[in-house]
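Read off the chains here:
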Amino acid sequence: MRVSCLQENLAKGVAIVGRAVASRSTLPVLENIYVGTDDGRLKLAATNLEIGITCWIGAQVEEEGEISVPARVVTDLVNSSPPERIDMALNVRTQTLQIHCAQFQAQLKGIDASDFPIIPTAEQDKAIHVAPDTLREMISQVTFAAATDETRPILTGVLTEFEGASLTMASADGFRISVRKAPLPEEVPESFRVIIPARALQEVARIMGDQEDPVEILVTQKRNQVLFHMQNIDLVSQLIEGNFPDYRQILPSSHVTRTVVDTGEFLRAIRRARIFARDAANMVRLQISGESTEGPARVRIVAEAAELGDNVEEIGASVEGEDIEIAFNVRYLIDVLGVLNSAQTIIETTDATSRGVILPASNDDFTHVIMPMHIGQRG
Amino acid sequence: MTIRVLPPEVANKIAAGEVVERPASVVKELVENALDAGATDIRVEIRDGGRRFVRVTDNGQGIPAAEVETAFAHHATSKVQQADDLFHVQTLGFRGEALPSIAAVSHVTLITRPAEEEAGSYLRIEGGHTLSRRPQGAPVGTTISVENLFFNMPARRKFLRSAATEAAWIATLVSSYALAYPECRFTLHNDGRRALQSPGSGALYDALVAVYGTDVATKMLALPADDDAPVQVSGYAGIPSLHRANRKYITFFVNRRWVRTPMLSAAVMQAYRSIVPTGRFPITVLNIRIDPTELDVNVHPAKTEVKFRDSNAIFRLVERKVRRLLVDEAPVASAQRLVTETGGAASVPPAAPESWSGRQGLLALEAQRTAGEPAQADSVPLIDERQPRRLPVLRVLGQVHQTYIIAEGPDGLYLIDQHTAHERVLLERLRAQRARMAVPSQSLLEPATVELTPEQQAVAEEQSETLALLGFALEHFGGNTWLVRTIPEVLRGKELAPALAEILDNARRDRSELSWEERLLMYAACRGAVKAGDPLSLDEMRALIRQLEETDMSRTCAHGRPTVIRLSQAQLEREFGRR
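The listed protein sequences correspond, in order, to chains X and E. All residue numbers for the first sequence refer to the numbering used here, where the first residue is 1 and numbers rise by one. All residue numbers for the second sequence refer to the numbering used here, where the first residue is 380 and numbers rise by one.
Rather than coming from a laboratory, the hints here were simulated on the basis of the structure. Among the clues, some could well be false.
[Stated by the list, open to error] Counterexamples of contact, computed for chain X against chain E with all Cβ distances above 10 Å:
hint, residue
1, GLU8
2, LEU30
3, THR148
4, THR151
5, GLY242
6, HIS255
7, ASN282
8, GLY290
9, ALA327
10, ARG355
[Stated by the list, open to error] Distance ranges between label pairs, derived from CB positions:
hint, chain 1, residue 1, chain 2, residue 2, range
11, X, ARG331, E, ALA876, 20 to 28 Å
12, E, SER894, X, ARG223, 29 to 37 Å
13, X, ARG331, E, GLU708, 38 to 46 Å
14, X, ARG19, E, ARG940, 51 to 59 Å
15, X, ARG223, E, GLN781, 47 to 55 Å
16, E, GLU854, X, ALA305, 43 to 51 Å
17, E, ALA876, X, ARG85, 57 to 65 Å
18, X, GLY264, E, SER894, 22 to 30 Å
In this text, a Cβ means the ideal position worked out from N, Cα and C, and glycines have one as well.
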């Protein structure tokens with residue numbers, strides 16, 4: 001193999017696939033990056049067997065060939081190289097990759113490319129197209145609510161449903177649930193649902209960059225892998241098998257109090273409350289009261305830490321229904337308010353022990369449910 | 380069957396059975412008599428565990444020749460004149476039962492002389508019958524020999540334990556009195572060997588050294604008495620790392636009378652709750668000084684039990700005083716062993732005294748001041764303005780084995796067990812929240828189902844209210860299955876089913892005297908804490924140390940294992956041969 005490319009492009013490519021490199025794997029080849037020629041371009045790939053990322057960069061190919069080299073070394077080397085042309089040449093007999101750039105020349109001992117796991121690539125025709133902005137927003141609105149601990153593996157994934165001309169993503173961690181719907185440009189021939197690891201989706205959003213063309217999503221015939229095809233980048237992820245809890249049953253169908261607040265104002269108040277709440281089990285209390293002789297409708301945000309002190313803040317609101325006091329984990333509120341994408345936030349509540357619902361006021365495609373906290377006895 | 384009055388021999392034996400159970404009871408009665416007689420030097424000699432021979436020699440006031448025989452008559456005593464006196468008894472004995480009871484079941488020889496009489500008296504009684512009485516020269520004081528105990532009661536005799544066991548009882552007893560009366564010199568000879576000798580210097584600390592040895596004595600914290608409190612508690616309490624397998628080392632005196640009252644032991648255990656490891660017991664020597672009218676010692680002939688008029692108040696006072704002392708004074712456990720480069724454990728010669736060397740002198744001094752003049756023992760002023768002992772400000776250096784946090788403090792290197800430290804922080808927080816009825820719980824999106832064993836279910840049912848207060852809303856679903864609707868906030872992110880099972884199991888198996896609530900809290904904190912093996916970021920470690928610094932009793936975890944070990948600058952220097 002003899003290839004030349006620009007340092008800038010190689011650095012970018014290595015950074016993208018580097019996200020999928022396994023750390024501390026028992027299989028040494030998984031700590032490597034695949035480097036090979038592919039149809040006049042340079043193909044880079046890495047996988048930890050859960051997700052695999054492939055990236056193609058422009059290159060001048062003089063001789064075909066492929067190898068895998070240690071990710072950490074090649075990443076550091078390329079990143080520290082001057083922004084010039086990099087020439088690579090493979091000595092097949094010794095499986096050594098020679099990297100030459102400006103004044104330096106390095107020899108990298110690699111592992112035979114045939115040992116590198118095969119990462120599936122797209123079969124273009126069956127793909128479902130999703131607008132990149134929509135996908136990016138959906139991912140940001142659901143993945144944060146997925147569980148991070150492995151105690152219930154199913155909850156570390158995002159339920160992704162393709163049904164007619166709509167796509168729905170839902171995630172839950174036992175205390176909250178996030179559901180986002182979006183229209184698809186065209187109907188899918190057959191409805192189906194898969195559970196995609198939240199981490200894979202987060203990687204998709206990260207490597208998508210400022211892509212403008214639709215992202216193509218493809219699920220393998222056996223429904224065990226999903227592939228996201230972007231410009232010059234493919235991401236393949238294993239799917240999580242199992243039954244995701246039926247989120248439709250969990251979403252409350254009615255409420256007693258409906259409160260509308262300014263999202264920015266509410267978020268700032270909650271962030272201030274957090275300064276105290278973080279020493280008090282992260283608990284923040286919302287005292288919602290409608291217009292009365294005591295004043296206009298408002299939400300009082302109260303955080304008390306026994307040893308530290310407390311913070312009380314009042315913000316204006318429009319309140320329909322009964323007054324209520326309800327407590328939430330402050331982190332959960334900050335998480336959802338940060339991704340709401342709406343100038344105004346709707347809070348729907350029933351009573352202090354029932355689910356609270358956070359909705360954007362501007363549209364109805366996003367629903368977030370948070371379970372309340374209590375102190376002392378229930379009720 | 381006709382009803383008859385029992386012949387005096389039988390009646391005496393029955394009465395004797397109440398007072399005299401074993402050789403130790405004989406020693407107790409005789410030593411108390413000696414103390415009541417104002418003795419300052421009491422020698423106890425025993426042979427064959429006291430079964431064959433007990434002799435108590437004192438330098439007290441002696442018995443006048445005219446009264447020698449009366450002393451052995453029933454209910455004959457010089458200590459109480461009228462019934463009313465019983466309500467403010469100041470002497471140890473008063474029932475007038477001891478000598479006749481002992482005399483009824485053994486061979487007794489009495490030699491005594493009061494200072495004001497020229498000649499002493501000799502009296503020999505066997506089985507309650509006076510065999511011989513004559514004047515005899517004798518030093519001032521009283522010597523009573525008791526031989527062949529229970530010679531006429533073969534049944535009792537059979538129930539005596541081995542010589543070693545009986546001797547141990549006697550040693551415990553004499554030790555206790557040595558501690559209660561530091562101004563009196565006690566000597567115990569067992570089969571001719573000296574088993575114990577207290578200096579009689581008047582300092583409780585010296586008596587502690589004589590009884591428990593220097594090692595233990597240096598690890599005892601002095602509890603000075605309150606000047607003007609109506610009930611005063613004073614004495615010594617062991618530091619948390621000092622503990623024993625049974626509660627024999629919890630010693631109490633009420634108005635300097637040695638008592639064994641479960642209520643008082645429970646108060647001490649409560650004070651040491653979660654400071655000494657489960658199943659271990661602290662070493663304490665405490666004297667309670669109380670108006671005799673608040674007290675009834677006439678519960679049992681042996682008088683080792685007392686009744687307080689307001690026993691709840693006494694319980695709380697003892698618990699609070701001891702707890703306060705521990706919180707204020709307990710030092711950080713210091714490293715006993717250092718691992719040398721060869722990998723073996725080299726013992727650093729007394730590491731504890733190193734950190735205590737300054738303190739030991741102080742202790743001795745304090746003890747002298749507190750107990751120097753026993754009459755005013757309780758009137759020594761408190762050391763004022765004692766700061767509560769907490770961890771100094773520490774700088775985190777790193778983590779070892781993903782288990783211990785290394786930190787640097789102003790006075791050396793600190794090793795902190797991350798699990799026990801976090802557990803301690805959580806436990807304190809839970810306790811504080813519980814006290815305010817404000818344990819935060821988090822509702823679950825969907826109720827979780829857990830399978831419980833029958834034992835676990837029994838706890839879940841019986842303690843459902845306590846569990847609810849801690850944030851667990853449990854509901855029986857049928858069969859072995861339970862629904863969990865809310866969980867304590869501390870357990871968020873932990874695997875629920877094993878956590879709940881472990882908390883219920885541990886709380887059930889826990890043999891400590893803690894309440895269910897305390898136990899459940901403790902195990903919830905344990906389960907909620909980071910585990911050994913969890914990698915922590917520097918920020919997480921800093922946050923943990925900061926919280927630990929703010930925690931009371933930061934030195935041991937809820938199970939009593941140490942949380943923090945300090946390697947002092949001096950120890951490090953010594954290890955590296957710089958000093």
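Structure-based check of each hint:
no.	hint	result
1	GLU8	33 Å, holds
2	LEU30	21 Å, holds
3	THR148	8 Å, violated
4	THR151	4 Å, violated
5	GLY242	15 Å, holds
6	HIS255	16 Å, holds
7	ASN282	7 Å, violated
8	GLY290	25 Å, holds
9	ALA327	8 Å, violated
10	ARG355	8 Å, violated
11	ARG331(X) / ALA876(E): 20 to 28 Å	24 Å, holds
12	SER894(E) / ARG223(X): 29 to 37 Å	54 Å, violated
13	ARG331(X) / GLU708(E): 38 to 46 Å	40 Å, holds
14	ARG19(X) / ARG940(E): 51 to 59 Å	42 Å, violated
15	ARG223(X) / GLN781(E): 47 to 55 Å	38 Å, violated
16	GLU854(E) / ALA305(X): 43 to 51 Å	32 Å, violated
17	ALA876(E) / ARG85(X): 57 to 65 Å	59 Å, holds
18	GLY264(X) / SER894(E): 22 to 30 Å	49 Å, violated
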